[in-house]
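Numbering (my numbering), first residue to last: 1 to 228.
For the record, the hints were derived by calculation from the structure and aren't laboratory data.
Just so you know, these numbers come straight off a predicted model, no measurement behind them.
Check the hints yourself; a few may be wrong.
[Unchecked claim] Simulated crosslink set (EDC-like; lysine to aspartate or glutamate; CA at most 16 Å straight-line):
1) Lys-86 with Glu-13
2) Lys-8 with Asp-169
3) Lys-107 with Asp-169
[As the list claims (entries may be wrong)] Quick list of the computed label-pair ranges, beta carbon to beta carbon:
4) Lys-157 with Leu-48: 36 to 44 Å
5) Asn-131 with Asp-173: 39 to 47 Å
6) Leu-221 with Glu-168: 15 to 23 Å
7) Phe-18 with Glu-168: 29 to 37 Å
A virtual CB, placed ideally from N, CA and C, is assigned to each residue, including glycine.
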Amino acid sequence: MNLGFSIKECGKEIKLDFGGKIESKKRYLSGLLNDKVILDLENAKKLLEKKGDVLVYEVYNLWKFDEVAKNFLENFGLMMDVTLLKHGVFSLKEGEAFCTYGHAHQKNLGEVYQVLKNECFLLLAHKKTFNSYLIKLKEGYSFFIHPSFIHRLISGKKDSLILNFVPEDAGHDYDIVKNKGFPFHVFYDKNKKLYFKENEKYPKAGLVLVENIKKLDVLKLAQKNPEK
């Protein structure tokens with residue numbers, strides 16, 4: 001399915017070519033730091049002072065300009081966006097992994113993510129129990145997010161590109177994580193190995209790392225049978 005852009009890779013970085021200037025919603029280090037949705041605020045401040053206001057991720061609303069996405073919105077009420085998540089940590093060395101802001105849905109409606117390029121992680125936290133799951137998402141894999149979960153994307157070792165399908169009336173609740181973050185936060189050590197830190201702003205909860213899921217290509221399914 002042609003989504004109106006081409007993907008170019010240069011080392012660990014991804015560049016998108018839309019054939020013209022397309023506006024995106026950019027999230028920078030300062031915004032995540034000011035809203036305290038990351039855990040290691042001290043090292044994030046040092047990164048800001050040394051490297052400036054680093055771009056963490058940007059979101060392109062395909063439904064605003066791509067004909068395929070416009071048709072999905074008109075016919076099925078689904079908005080299609082792509083998120084370009086940069087690789088990196090909120091530190092000058094090893095530390096907390098780059099991530100999206102995170103949100104929950106205001107209505108009892110889910111969302112589907114599909115990784116278009118490279119790999120990343122999806123962090124889920126149950127709204128009531130705060131039990132959490134870190135899902136490894138490989139290129140070409142999809143995952144349905146149940147509306148009971150707060151969710152955010154966590155960067156891998158390269159830039160990653162993620163497509164999402166979400167009902168237009170799902171609603172986004174960002175206040176649920178503002179000034180609080182998630183029950184667990186993801187870090188990389190000096191050897192690029194994952195580890196986790198509990199957030200004391202939440203009660204004790206469990207965390208499960210899920211590294212293998214059944215492959216489902218939602219994009220192909222949408223192309224063959226969009227009503228399904």
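Here's how the hints hold up against the structure:
{"no.": "1", "hint": "Lys-86 with Glu-13", "verdict": "holds, 8 Å"}
{"no.": "2", "hint": "Lys-8 with Asp-169", "verdict": "violated, 33 Å"}
{"no.": "3", "hint": "Lys-107 with Asp-169", "verdict": "holds, 8 Å"}
{"no.": "4", "hint": "Lys-157 with Leu-48: 36 to 44 Å", "verdict": "violated, 22 Å"}
{"no.": "5", "hint": "Asn-131 with Asp-173: 39 to 47 Å", "verdict": "violated, 19 Å"}
{"no.": "6", "hint": "Leu-221 with Glu-168: 15 to 23 Å", "verdict": "holds, 20 Å"}
{"no.": "7", "hint": "Phe-18 with Glu-168: 29 to 37 Å", "verdict": "violated, 22 Å"}
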